[in-house]
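Novice: With the hints as a guide, dock the two chains, each given alone in a separate frame, to form the complex.
Keeping their order, the protein sequence lines are chains A and B.
Heads up: the first sequence begins at 13 in the numbering used here, then just goes up one per residue.
Heads up: the second sequence begins at 71 in the numbering used here, then just goes up one per residue.
Because the hints were derived from the structure by calculation, they are not lab data.
Computed from a predicted model, the values in this text were never measured in an experiment.
Cβ atoms here follow ideal geometry from the backbone N, Cα and C, with glycine treated the same way.
Please note that a few of the clues may not be correct.
What the hints assert, rightly or not - For lysine-lysine, the following DSBU-like pairs were computed, each having C-alpha atoms within a straight-line distance of at most 35 Å:
no.: 1; chain 1: A; residue 1: K162; chain 2: B; residue 2: K682
no.: 2; chain 1: B; residue 1: K627; chain 2: A; residue 2: K228
no.: 3; chain 1: A; residue 1: K53; chain 2: B; residue 2: K339
no.: 4; chain 1: B; residue 1: K317; chain 2: A; residue 2: K226
no.: 5; chain 1: B; residue 1: K377; chain 2: A; residue 2: K226
no.: 6; chain 1: A; residue 1: K197; chain 2: B; residue 2: K317
no.: 7; chain 1: A; residue 1: K162; chain 2: B; residue 2: K588
no.: 8; chain 1: B; residue 1: K339; chain 2: A; residue 2: K220
no.: 9; chain 1: A; residue 1: K53; chain 2: A; residue 2: K157
As the list claims (entries may be wrong) - To be clear about the criterion: a stretch of chain A counts as covered by chain B if any three or more of its residues have a C-beta under 8 Å from a C-beta of chain B, and this derived list gives those stretches:
no.: 10; stretch: 37-50
no.: 11; stretch: 55-67
no.: 12; stretch: 104-113
no.: 13; stretch: 138-148
no.: 14; stretch: 214-227
Said to hold, decoys possible - Distance windows between CB atoms, simulated:
no.: 15; chain 1: B; residue 1: T330; chain 2: A; residue 2: N44; range: 48 to 58 Å
no.: 16; chain 1: A; residue 1: K108; chain 2: B; residue 2: T330; range: 23 to 33 Å
no.: 17; chain 1: B; residue 1: F590; chain 2: A; residue 2: E223; range: 41 to 51 Å
no.: 18; chain 1: B; residue 1: S551; chain 2: A; residue 2: N44; range: 36 to 46 Å
no.: 19; chain 1: B; residue 1: F271; chain 2: A; residue 2: D72; range: 32 to 42 Å
no.: 20; chain 1: B; residue 1: I772; chain 2: A; residue 2: P141; range: 46 to 56 Å
no.: 21; chain 1: B; residue 1: N378; chain 2: A; residue 2: E223; range: 38 to 48 Å
no.: 22; chain 1: B; residue 1: T330; chain 2: A; residue 2: N63; range: 32 to 42 Å
no.: 23; chain 1: A; residue 1: I75; chain 2: B; residue 2: Y234; range: 46 to 56 Å
no.: 24; chain 1: A; residue 1: G45; chain 2: B; residue 2: I176; range: 20 to 30 Å
no.: 25; chain 1: B; residue 1: F590; chain 2: A; residue 2: G45; range: 31 to 41 Å
no.: 26; chain 1: B; residue 1: F590; chain 2: A; residue 2: K108; range: 29 to 39 Å
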Amino acid sequence: MTRFFLILILLTFSNFLVAQDVFEKARTSMVNGQIKSRGIKDENTLKAFMNVERHKFVPDRLINSSYSDRPLPIGYGQTISQPYIVAYMTEIIQPKPTDKVLEIGTGSGYQAAILAEIIEQVYTIEIIPQLAESAGDLLKELGYKNISVKQGDGYFGWEEHAPFDAIIVTAAAEHIPPPLIEQLKDGGKMIIPVGSPFLTQQLMLVEKDNEKIKTKSMMPVRFVPFTRE
Amino acid sequence: MNIKLYFSISLTSAAVIAFQITLMQILSITQWNHFAFMIISLALLGFGTAGTVLSIFKNWFVEYRSTIIPLTMILTGIFILLSVPLSQTDFARFDTFLLFAETSHIFKIVFTYIIFFIPFFFAGLAIGLIYVSYAESIGKLYFSDLLGAGIGGLGVVILFWFMYSAFFPIVISILPIAAGVIQIRKDKKLLPFIAVSLWAFIIIVSLIYPIGIKSSQYKSISKTLNLPDAEIELEKNSPFGFIQVVKSNLIRHAPGLSLTYTNEIPVRKAVFNNGDWFGPIISRDTNYSNFVLNYTIDELVYRLAEKNNILILDSRTGKDIIHALTHNAGIIRAVESNIAINSLLYNELADETDSIYYKKNVDVFEISSRTFLNTDSNFYDIILLPPIGSFGGSSGTQAIKEDFLFTVESFNLMFGRLKENGFIQVTCWMDYPFRNPLRILATIIEALELSGINNVEEHIVSIRSWSSISFLIKKKELNNSDIEAVRNFCNEMNFDTVVLPGISLEDRTQFNQLQDEKFFSYIDSILSKGREDFLKEYSFRIFPPTDNNPYFSQFLKWENIPDLQYFFGTGAIPFFELGYLIVLLTFFQIALISIILVILPLFKLGWQGANKLWTVLYFSGLGAGYMLIEIALIQKFVLYFGNPIYSAAAVISFMLICSGMGSYISSFVNNKSKGITSSVLIIIFLLITYTVALNPLLQNSIHYSTVIKGLISFVLIGLPAFVMGFPFPTGINKLSENNKQQIPWAWGINACFSVISAVLAIVIAVEFGFDAVFFTAVLAYCVTLISTILFGR
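Just chain B, with the same shape it has in the complex (with noise of 0.2 Å):
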C-alpha cells in the first residue's frame, strides 16, 4: 500500500478534529458552551452517518474508491471552508433564547446542523472507505489516524494563540485538500488544479464578502456594543477564549451598590470572554471614601479583618485587588489562571489598573485557584472568593461547568489556610426560587464540620443588599466587637444581617424586604440539626458539591419538576436549568439517531447469522469505553494541571498518540482472538486499579514542576491509551478475515457510541460523579469482553 495513504489519512484526521475544537470556540462565542457541545456531537454523528452508507452501498465505494477517497477529502476541505460563513448566514444563524419565542429559529438550526454536519461526514466517508479497502494494514492506517488526530488537536491550541478563530476554517482547510490532492491518480492531472482553484476562489469570495462571527443579541457583549459610543479596543484570542476589551462612557460596574452612595460609578471599560462578560477595567481611585466598592457587601471584610496577607482566588481583572489595595493591604497573592487576560494587565491594560499587576506587595500566580489551594503553604487574615451566579438567576446557563473552586474540600482547604483572626468572604446573588445562597451555606457548614467546628454558627456571617447575599467565615469564633463592628457597617450602608449570632426577624428585613420570607427559615434549617432532612426535601438540589461532583450550578431535581410545574407553570422549567436540559436532549437526540443509523444497515446486511450480535456488543462497548474514559480523565487532570485548557490537550493528544502506538503494535499480533482478549482483560484490570490509585497519584504530586507533572501525566494516561488502542484495530482485522462486509458498520457502531458516550459522561457526572464514569467505562470493556468470550469464535 502507498504511504502517501497513511499521509493522507493522518492529514484528514487532523482536519477534522482542528476543526471540531474551533467549531467548539466559535459556537461559545456566538451561543453558549452548550449549545456547541450540542452540535459538535451532531457533527459526530457525520462519521456514523458516513458507516452506515458505507455498510449500504460497500460495493460500489469500494469499486470507485480511486476516485471516491480523493474527491471525499476535497469535499471535507471545502466545506470545512463554507461550514462558517454559512453558519452566520440568516437562514441559519439562531440565537439559543429566540428558540422558545420564535419557531424559525428551531429550523435555522436545524439548518446549522446539516452546514456542520456535511464535512464530518465526508471525512468519515473517506477515512471509512480506506478501512474497507485495507483492513489488512488496519493497525497502521489506525495509527496514522490517532497520531493526526492528536497532532491536529495540539495544532488547532497553538493556532488559537495567532489568528482568530473565524480564519482558522482557510487553514484547516488545506489538510483535507492535500490529503485529497495527493491521491488523485498520475493521468488526472486537471483535477488537483481544480480542487486547489475552487478552494482559492471561495477564499477570494470570502476576502471580498467576509462575513463575520456575530455574538447573540442576549450576550453581554452585544447588549454593551449597543451602547451609542461603545467600541471595541482592543481583542485578542487565545486558548483561554476570545477577549474583548470595550471601552464606553456608559459602562459602569458596582454590583450591589449600597444605596447610601451618591457619587459617580468610575467604569468606562470592560473585558469580555467569548462574548460573556470578564470583569470591569477599575482605575485605583485614592480618595478613600469615594471609592465605589467600599459601598458594597464585599467591603464588609475589610471592616473586620487585619489586611497583612490577603489572597485573592479567581481575580480576572484585578478589581478586587484594587479594592484590597485601597485599604492598604500588606501581602496580596492574587490567583488567576486565564493567561491572555494576565498578559492584558502586564501589558495593554497596565496603565489604566495603575499597574497592579507590577506593586511590589502583588503576587501573581498563573494557575487554577483550586490547584493553588491545594499547592499553597501561606495563611492569610482574608481570602476572597470570586462571586457566584449571574445577576439575576443563571437561568442554568453554567449548569454542567464543573468548579472545583466551591466544593467542600476546596472551603475545607481554605479554612485550614486562615489565621487565627482570618476569614474568608464569598459573596452570591440572591436568585428566585432559592438555590445558590442555600448551597453555598450548605457547603461551607460541611466544611466547617469537616474541619472539626461543631458550633458552626458562632463562625458564620452573612449579610444582604437588595440583591446580594455575602458570607463570612471566621477561623476562631465571632466576638462582640466583630458583631458589633457587622451590625454598624449594616447600619451604615443599608445593608441586612442574614446569619449574625443573636440575631431577629426584624435585623433581616430593616432595610431590603423580601417578598418570599421562607428564605430566611431556609437559611435556619441548613444551620440547625435537621440539615440533612431539609436538604432531602427542598424543591432543588443544593447538596454541597465534592471534588467527586462538582456542579455547583446545576440545581434541577428529577422528581421535583411536577411540583415546579405546578408552583411556576411549564413554560418556565427549561429556564430554570437550561444548560443540563440541553444536554439531556442532545443526548437524547443522539441516542435517537445513532440507534437508527446501527439498525439502517441490517437491511441490506440482513438481520441474522455471521455474528452480527458480537460486531454491535464489541464495537459499541470500545466506543463507549474509550470516550468515557477520554472524559473522565479530562476532568481528573483538570486540578492537576491547574487549567481545563491544558488537561483537555494533554489528555487527549497523548491518549490518541498512545492509541495510535498501541494500535501499530496490534497489526504484528498474529493470534486475534487471544490478543482482544487479553488486551480487553489488561484494560479492565487498569481501569479498576485507577478508580483506587489516580486520585492519590495525583495528589501527591501535584506539588512537582510543569514538565515533571508532563511526564508523569504521559505514563499515567498513556498506559491504559496504548493498550486501548489495541481491541478496535484488531477487532476490524478479525472482521475483515471473516465479515468485511460488516466492517464499514462496525466503524458506524463504534463511532455513534462515541458520540453517544461523550454526551452521558457529562450527565453520569452531574448525577453520579467522576467515579461513576469511570466505572461506567469499565462496565463498558465487560460488555466487549463477555461479547468476544460468547460469541467471538
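Only chain A is shown next, with the shape it has when bound in the complex (with noise of 0.2 Å):
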C-alpha cells in the first residue's frame, strides 16, 4: 500500500516537474524567438518575461497556447495582449525601480505583474468586476505585495496615488481621458492603444513636457506585429 502511494507521488511529482519544464522551456523560447529577436533589449523587462508565468493568467482552456505569439481571449470581450506587446508598451516607458506606474484594464493581471517584476508600486484599475476580482485573487496568490487592484471606472485614473511616473492604458479607447492626461507626472509618459482589441491596435505614446501634450503613434499591430523588416 505505501509503495503504492510513493509511486502515486512520484508520478504526480514528475508530471508536475514535466509540466513546469515545458512551460519554462517555451517562457524561454517565447523571450528569445518573440521579444529579444522583434527589438526589446531591457534587460529589466526581459527578465520580468521570464520570471512571470503566462500561463497563469489565461483561462484552462487555453493553456497550451499561453506562450504563442497572440493575444488570447480572457472573457467578456477582453484579452490577455500578446507577449511582444507586453514587452513592447513596458520598455517604452522606461519604468525605473523606483517608479509608480498606472494600469488601466488590469484584465488577466499579466501586465501589473511584469511591472510588478520591475518597479516599487504598481495600481491597477478594472472595470469589469468579475475580471478586477480574479486578477486580484490571482496576483494575491502569485505573491505580489507592490500590486495594488481596484475595480472601478479607469476613466478618473486613481487621484490618491497620483501624480504617476507612467500610465499604461490596456483597454482601447477612442479619447484621451483628460484626468489620466492631468495625473501624468511632467516628463512621464503614456501608452494608450487605439482600436478594437480584436482587430487593430495602434499604440500611441503620450508624453508630458512642460505641460506640453505631445502624441505619437508607435506601433500598429493586430495579430501579429506588423514589423517592416
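Specialist: Okay, here's the thing in C-alpha cells:
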C-alpha cells in the first residue's frame, strides 16, 4: 500500500515537474523568439518576462497556447495581449525601480505582474468586476505585494496615488481621458492602444513635457506585429 | 390535382423566404452581415441537396409521396422552430473572431451550418417532390411557389415592426405545419393532432426555458453591457435593424478629442443597431466654451464657414445637429433614412436630445442621403458627411457594404450644392496601413476635377488629431484668412495640418507624430499629377469608388497579397479584409458543394445520353441568370428608393410575383421548344436594353412621389421578371415528356447555380461593378439559349 502511494506521489510529482519544465522552455523560447528577436533590449523587461508564468494568467482551456505569439481571449470581450506587445509597452515607458505606474485595464493581471517585477509600486484598475476580482486573487496568490488592484472606472485614474511616472492603458479608447493626462507627472509617459482588441491596435505614446502634450503613433499591431523588416 | 396542393406549396415557400430573412437579421445581431450571408447561402443549398437526393431515390419518394409530402412540410416547420434556439446553445454558438483563435469555434460554425441546413432541406424535399409528382402542372405549381415566396418576403418585413426576430420562427413555423396538415389523408386522423401537439410542446418548452439571442462578445453592445452599471433602457425591432438604447454613467463619446480638453465628457446613453454602435445621445450643452464637440476636428468647419444653411447627411442620433445648434446655425437640414431611429428621436428620446427634431430651424428628411442629394436643389454653407471607417481600422467588416455617399458622383453633387464660400467636411479615422484617408482624398480630387476645378490643392484643407483626419473642400479657392484660421485652430487644439497651401513637414507633425511618415508623401502623390500611377502602384486598392462600384471599404488587391504577407505576416492578412475574404470563402465552399451535388445524381442517372448536357447548361444558365439579375436590380434600385430595405423588398417581391404570373401563362404554351427560344431571346434583348436605358430612366423619374416610383419600378422590374418566369417551368415540362427522371436533378442544378450566383454577384460587383453583373446575367441566359439551340431537341 505504501509503495502504491509512493509511486502515485512520484508520478504526480514527476508530471508536475515535466509540465513546469515544458512551460519554462516555452517561456524561454517566447523571450528569445518573440521578444528579443523583435528588438526588445531592456534587461529588466526581459528578466520580468522570464520570471512571470504567463500560463497562470490564461484560461485553462487555452493553457497550451499561453506562450504563443498572439493575444488570447480571457472572456468579457477582453484579451491577454500578445507577449511582444506587453514587452513593447513595458519597455517604451522606460520603467525605473523607483517608479510608480498606473495601469488602466487589469484584465488577466499579466501586465501588472510584469511591471511589478521591475518597479516599486503598480496601481491597476479594472472596470469589469469579475476580472478585477479574479486578477486580484491571482496576483495575491502569486505573492505580488506591490500591486494594488481596484475595481472601478479607469477614466478618472487613481487620484489619491497621483501623479504617476507612467500610465499604461491596456483597454483601447477612442479618446484619451483628460484626468489621466492630469495625473501624469511632468516628463511622464503614457502608452495607450487605439483600436478594437481583436482587430487593430495602434499603440500611441503620449508625453507630457512642461505641461505640453505630444503624441506619437508607435506601432500598429494585430495578431502579429507589423514589423517592416 | 387538388387545389390544396397549390396552397401548401405557397405556404411552404412563404415560410422558407421568411425564415431566410429572419436568419439574416438574427445573424446580423449575433455576428456580422457577412456570416449571415455565408450561412444563408449554405442553408439554401438545402434545396440543391434535396434535388440531388430526389434524383437518386426518385422512385421511392414518388411511391410514398402521400406520406412524405406532408411529413417533410411538418418537419420543415418543426426544424424552423428548433433551429434558432439550437444555434444559440453552447454547442453551436460561434464567434467570428474566435474562429481564428480557438479551434472549437470551427466545429461550432459547422454545427450551426447543419442546424440551418435542415429546415431548408426538408422544404426542398417537399417542394421538389411535388414538382416531380405533378410535372404536368408545373406552370401553376411554380406560380404558387413564387407567389408564396413573394408574400412571405413582404410579410416578414412587416412583422419586423411588431415583434423581436427571436419570436419569428414561432409564427413562421405555423405555415409549413399548416401546409403539411392539410395534405394528410383523411383516414389518418391522428397525424394532424400529433403534429400540432408537437409544435405546441416545443413552444411551451422554449417559453419555459427561453434561449435568448446573444451578440458576440466582441460587438460594441456586448462591450458596453459589460460596464458594471450598464442597462438596456429600450429595445425596438424594425426592418432597419434591432435597435437598443443602453444607459450607463461610464459611456462617454468624444472620438479624437483634443488633448487640451479638460472637462467632463457628457454622454450617458448610446444607441446600437444590430449590436453595432450607431450613435451617442448627447444633450445639448448651452455653455459654448465647454461643449465637447468644439474640441474635436469636426469643429474646424464652424471656424471657417457661414452657418446660415447646413446640410447634415446621415445624421444618425443627431450629434451633428446638436453641434450645429450650439453654433446658432440658421436652417439645418438633417437626412437620416433609418425611420426607427428617427421615431426614437421624435418620441422616446426627444426630451433627452433637447427635442432637436422639433426645432423650427431643423428639417428632417427620411431618405438615404445620396437620394436626397440627387433630388435636392438648395445651396449650403456647410455640408457634413458621417465619419468614415471605424475606430482603429475597419478590419474589412464593411468591405462588401455598398456606400453611394462616398462615390465620385456623390462628391460632385455635393460640390454643386455649395454656396460660393461653402465647405464640405468629411472625417475619417487614421488607419494603418493607410487606406481610408488616401481613398477619400483621391475621391475628392476626382470629383473636383469632374466639376472643372484644375487647381484642386487650392480648395482642400486637411487637419489631423492623434486619431482622426478631416478633409474640408471649399467651393472657392482658400484665401489667407481661411489659412490663418486653420493654423490658429490647430495651435489651439494641438492638431496638425496635413493639406494646406504653403505647408511644411514641421507643420504636419507639430503635435502628433507618425511612426510611418510616408503617409505625407502618399498624400502629396495623390495631390500631384502622378496620382494615377501612385494609385496603381499602392499596395491597397484606393481608387475612387463610383456609383457603378461603390465599395468604399474594399481595399484588397489580389496581386499584392504576397507583398502584404512579406511586410505584415500571413496571420495578418485575414484581418485586413475579413469581410471580403469571407465572401470569397463562401463562394469557393458553395461552388465545391454545388458541383458535388450536381455530379452525384449522375451515378444513378448514368453519365451518357438523354440530353444531359442540355439539362445541365439550360438549368444552370437559368439559375445563375435569374439570381444575378435580382441582385443587380436590388443595387440599382437602392438609390431610386433611397433605402436598401425597400429596394430589396420591392425587387424580390415584384420579381417573384411577376415571374409567377409568367410561369402560370407558360402552362398554356403548346410548342415548348419555340416557347423557350422566344422567351430567352426576349430576356436577353430586355437585359441588353436595360444595361443602356435603366440608369437614365431611374435618374429621370427619381423626383416623383413614392407611389409613382412604386408603379414605375413595378413595370421596370416586372417586365423582364414576367418573361423570366417562362423558361423554368417550360423546361421542366419538356423534361416531363421525355426525361421525367431528370426533373429533380434539373431542379437541384437550378437551385445550386442560384446560390453560387448570389455570392458570385457580390464578387463581380466588387471587382468590376454592377454593370458587369448585368452583363454576366446576359451571358448566363445566352448559355441557356445556346444549349436549347444545340442540344434542346
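Novice: Would the pair K53(A) and K339(B) pass a check requiring their Cα atoms to be no farther apart than 35 Å?
Specialist: 45 Å, violated
Novice: Between I75(A) and Y234(B), does the C-beta distance stay in 46 to 56 Å?
Specialist: 39 Å, violated
Novice: Next pair to validate is K627(B) with K228(A); report whether the Cα-Cα distance is within 35 Å.
Specialist: The given pair, whose Cα atoms are some 29 Å apart, holds under the 35 Å limit.
Novice: Report holds or violated for chain B covering the stretch 55-67 of chain A, Cβ cut-off 8 Å, minimum 3 residues.
Specialist: As far as the stretch 55-67 of chain A goes, the hint is violated, because 0 residues have Cβ atoms under 8 Å from chain B.
Novice: So does S551(B) sit 36 to 46 Å from N44(A), Cβ to Cβ?
Specialist: Distance hint for S551(B), N44(A) is violated at roughly 60 Å.
Novice: Mind taking a look at whether chain B covers the stretch 37-50 of chain A? Criterion is 3 or more residues with CB to CB distance under 8 Å.
Specialist: violated (count 0)
Novice: Are there three or more residues in the stretch 214-227 of chain A whose C-beta lies closer than 8 Å to some C-beta of chain B?
Specialist: holds (count 6)
Novice: The hint says 48 to 58 Å between T330(B) and N44(A); measuring C-beta to C-beta, is that right?
Specialist: At 44 Å between Cβs, range violated.
Novice: Is it true that F271(B) and D72(A) lie within 32 to 42 Å of each other by Cβ?
Specialist: Between F271(B) and D72(A), where Cβ atoms are some 38 Å apart, the hint holds.
Novice: Take the stretch 138-148 of chain A, compare each residue's beta carbon with every beta carbon of chain B, and decide whether three or more fall closer than 8 Å.
Specialist: holds (count 3)
Novice: Do the alpha carbons of K162(A) and K682(B) lie within 35 Å of each other, as the hint requires?
Specialist: Distance of about 73 Å is beyond 35 Å: violated.
Novice: Honestly, do G45(A) and I176(B) meet the 20 to 30 Å range at C-beta?
Specialist: 27 Å, holds
Violation of the numbered hints given earlier is confined to hints 1, 3, 7, 10, 11, 12, 15, 17, 18, 23; the remaining hints are satisfied by the structure.
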